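Engineer: All chains should be modelled from the sequences, with the hints used to inform the complete structure.
As you go down the protein sequences, you meet chains B and Z in turn. Numbering of the first sequence is given in the numbering used here, commencing with residue 1 and proceeding in unit increments. Numbering of the second sequence is given in the numbering used here, commencing with residue 1 and proceeding in unit increments.
Among the hints, a few may not be true.
No more than 30 Å apart at the CA atoms, straight line, and that leaves these computed lysine-lysine pairs for BS3-like [stated by the list, open to error]:
#: 1; chain 1: B; residue 1: Lys9; chain 2: Z; residue 2: Lys131
#: 2; chain 1: Z; residue 1: Lys95; chain 2: Z; residue 2: Lys60
#: 3; chain 1: B; residue 1: Lys29; chain 2: B; residue 2: Lys124
#: 4; chain 1: Z; residue 1: Lys131; chain 2: Z; residue 2: Lys76
#: 5; chain 1: B; residue 1: Lys29; chain 2: Z; residue 2: Lys131
#: 6; chain 1: B; residue 1: Lys142; chain 2: B; residue 2: Lys115
What the hints contain is simulated information worked out from the structure, not anything from laboratory work. In this text, all values refer to a predicted model and were calculated from it rather than measured experimentally.
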Amino acid sequence: AEENLVPTKVTADRLTYSQEGNRAVFEGKVHVVRQDMELWADRIEIDLRPNGDGKSGASGPDMAFATTEGASRINRIIALGNVRMRRGQSEGKCRKATYLADKSMIILEGDPVLKEGENTLQGKEIRIYINENRSEVIGNTKRPVEMIFVTPEKGAEKKK
Amino acid sequence: MLRRLAVFFLVLSLLAVIGFALVKLTERAGLMPDLSGFVTDVEIDMAAKGIELTHGNEGKLIWRLRAESASYDQEKGLVLVQTPNIDYFTQPSDKLLHVRAPQGSVHQESSEVHFWPEVTALYEKASLTAKEIMYDGQGLLTASGGAIVKQEGVTLMAPVMHFDLNARVFVAEGGVVVESGTGKIFTDPLKANAP
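Structural biologist: In structure tokens:
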């Protein structure tokens, strides 16, 4: 049956795929759009598990991995340089964002900042544990954890 | 907020596969890894019409060329082919790669193969179209003039694409656009070949 696919678009100056290296690299003004989500970066590197031990064990023609379930050969994705993300009211930026497939985890490094409306979260490193719906912000002396959240002024309701 | 970011990265995984489809177009097929044999077999010294050439090995068909006509330009050492239609059976999988174009030429000495304009290559569920496809006889294939690869709902467009069949590296440059989830784009090569 035909899958119901959500359109996703990537534009970049250049795409290189090395089969020996099991790596694809989008370079130059990389912009990814998927529904209301957008990502910008100077470079996105995608590392694959070698086909032999790919967990998918896709029996069909290799080309099948261009479909949704075929993506299970993804090992790691790294977005580098001027990384910006946006979805609705949420925005994020950092210098490096790494997605680790096996750990279902994303690591934001390089002065990461996440904003939602007027609330801001920043630190030296932000780790997002996807399956556990949990995240962790790590700071250091140079860049401590900092969270700014805005709450309505006390009694502001009454003033109206 | 963080969870949505996570979902976004998961989606990015899908996009990673886009380029892979392309190398697979060449990995198994090699697109034209061994067309040099085609040149030596075509020792014609005059034009021929309605030709069909086949090349086999141990009773197995490797490739078949059908064309309206072919002629040999002695001065340039060039075999010129009108409406070449090539069926190439990849080894060892025997999967069919089909390449067709209004014009084709093969340089006898360098084994350079050139197809133009509006070239179509089909392999399994993937298709490649371009204004021109050049194969340098050394393992480098270039699709130019606005190349488009389609594979099961995934479309990759770029002004130029290079397939290095030896190093197994694929490069699309000059401004790449990849779209996935744009509906099922699939042409059955065998149907495409039906007389």
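Engineer: Each of the hints needs a verdict: does it hold here or not?
Structural biologist: Consistency of the hints with the structure:
no. : hint                  : result
1   : Lys9(B) - Lys131(Z)   : 24 Å, holds
2   : Lys95(Z) - Lys60(Z)   : 13 Å, holds
3   : Lys29(B) - Lys124(B)  : 25 Å, holds
4   : Lys131(Z) - Lys76(Z)  : 23 Å, holds
5   : Lys29(B) - Lys131(Z)  : 26 Å, holds
6   : Lys142(B) - Lys115(B) : 21 Å, holds
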